[in-house]
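Student: Residues per chain, in single letters:
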Amino acid sequence: MTDRIEHDRSEAIGWVIRLKDARDHDWDDFTLWLEADPGHSVAYAEAALADVDLEPELARALPGLQVAANDDYPMRRRSAVSRKWAGGFGLAIAAAAAVFMISPNLSTSRYVVATAAGEHRAIDLGAGSQIALNGSSRITLDHKDRRFASLETGEATFAIQHDPSAPFRLQLGSNQVQDVGTVFNVVRIADDVRVEVAEGEILYNPDGGATSLKSGQTLHDTASQVIVGKVDPAAVGVWRKGRLIYRAAPLSTVAADLARNLGTPVQVDRAIAARAFTGSIEIDRNQPRFFARLQTLLGVTIVHRSNGWLISGSGRAAK
Amino acid sequence: MTSSGLKQIFLTSRPVLTRFLRAHGAGDDAEDLVQELFIKLDDVGQGPIAQPRSYLFRMANNLLLDRRRSASCRARREQEWSQGGTGMLSEVDGRPSAEEALIARERLETVTNAIAQLPERTAAIFRKFRLDGESQKMIADDLSISLSAVEKHLQRAYRVVIDVKRQLDAGMIDELRLPKEGDVSRD
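Taken in sequence, the protein lines are chains A and B. Letter 105 of the first sequence, counting from 1, is numbered 1105 in my numbering, and no numbers are missing. Letter 12 of the second sequence, counting from 1, is numbered 613 in my numbering, and no numbers are missing.
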């Protein structure tokens, strides 16, 4: 009898797996299986409920993402992405903010990964391709198409496996980056797009004014013009060492993130705590220099007191 | 797909949906449940639905699972009462308490420990499938292993998940039976 129960349980698990991505005929087959024995629906319910109810715990308990180029996972094709970059994607995920991921939409294979302010997330696309997502960012991916991504807002560094037969397409609103296998960084805030290439070559808007960018080149599309520039390839994606990006975030959030990143208290005057900030801040460990720059960037006054830094509205006298 | 479009598909599929619900253990309630499903269609957003019939089945599936979950919760609560417990489960009381935070932390620990027992590759495959949304075929290709090998790993992982859930469900009752300060002994 126990053999039968074990068998039912195996089959039930098989159905939980199969129904994750069900077609019409899967449901018909499932109905037949359920009808075959009353014990089947019980076994299925147990498996399915365990899966659903432990979702929050499983999301945190499953091990962190492994870099694809790893001895445990031998790959048929050699990774074309240089080791230097592959190794650099072992990101430590910021402990403070919770990861927010929208569950897969029932109707399409697309899904969204989003980060809270000041949080980093690594996404393993499989087959040697990875994405590192900066804070306050949102990216749409596709279960069925690993060569597609759409950066809704924020910043991400892409390390894409070389595959000339299947170009990687990154949507940026009405703009697009097409790439055959490279490492590049993108910042998108609404229609303003910046791209920096560390390795390889990308094609920006291949179908409209195609601009080709190689390693060491940058592009800034302000929606009214496209400006090409230069960058040290080693500086591309340097945000992983601490650059925070915000979109209409209150200064109180910015202050909290700075405090956490610098390890020093940062307060903001209540009068301006709710003021919205859009832009990116690169953390500089030299605090006096950093906060001096930040004053200009935020249009505020920042002073150092015995218990840390204080951000207040311009023109206010420091106490 | 508009709400009325979905309803159209619903009306055509109604017989198979009812049959599905009945097979799923709804019994005589199948007709009522399919009606409930119809009413829920009004809540569905306007966005595109690629496979409407499949969508409806999924809704029906979730309905049945919710039912089963409530039934087993009720059964556990009743068992609680009969064994002299307080009958207070966290699902009943919406407000989180210090005790509930403790239970939540222990839950996470239990799950984490169970997952840690899995071989690394099994856990990684499970993660790819369940959290990263990769299909079994994608995983098989990535790791250069067969589809059935992937399935075996997933079977193993899901078994652990089911066992942990049982453990937690059973444990919940023991948790709540711990005597609190001031309680008169029930012996």
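By construction, these hints were calculated from the structure, which means they are not laboratory data. Quick caveat, the model's predicted, so the values are computed rather than measured. Every residue, glycine too, gets a C-beta built ideally from N, C-alpha and C. Keep in mind that a hint or two might mislead.
Pairwise CB distance ranges (calculated) [as the list claims (entries may be wrong)]:
# : chain 1 : residue 1 : chain 2 : residue 2 : range
1 : B       : 670       : A       : 1283      : 41 to 51 angstroms
2 : B       : 753       : A       : 1220      : 33 to 43 angstroms
3 : B       : 642       : A       : 1220      : 45 to 55 angstroms
Student: Work down the list of hints and note, for each, if the structure agrees.
Tutor: Here's how the hints hold up against the structure:
A beta carbon spacing of about 46 angstroms between residue 670 of chain B and residue 1283 of chain A agrees with the range 41 to 51 angstroms that was offered as a hint. Range check, residue 753 of chain B to residue 1220 of chain A: Cβ separation about 50 angstroms, and the 33 to 43 angstroms hint is violated. Checked against the hint of 45 to 55 angstroms, the pair residue 642 of chain B and residue 1220 of chain A passes, with Cβ atoms roughly 47 angstroms apart.
Checked against the numbered hints given earlier, the structure breaks only hint 2 and satisfies all the rest.
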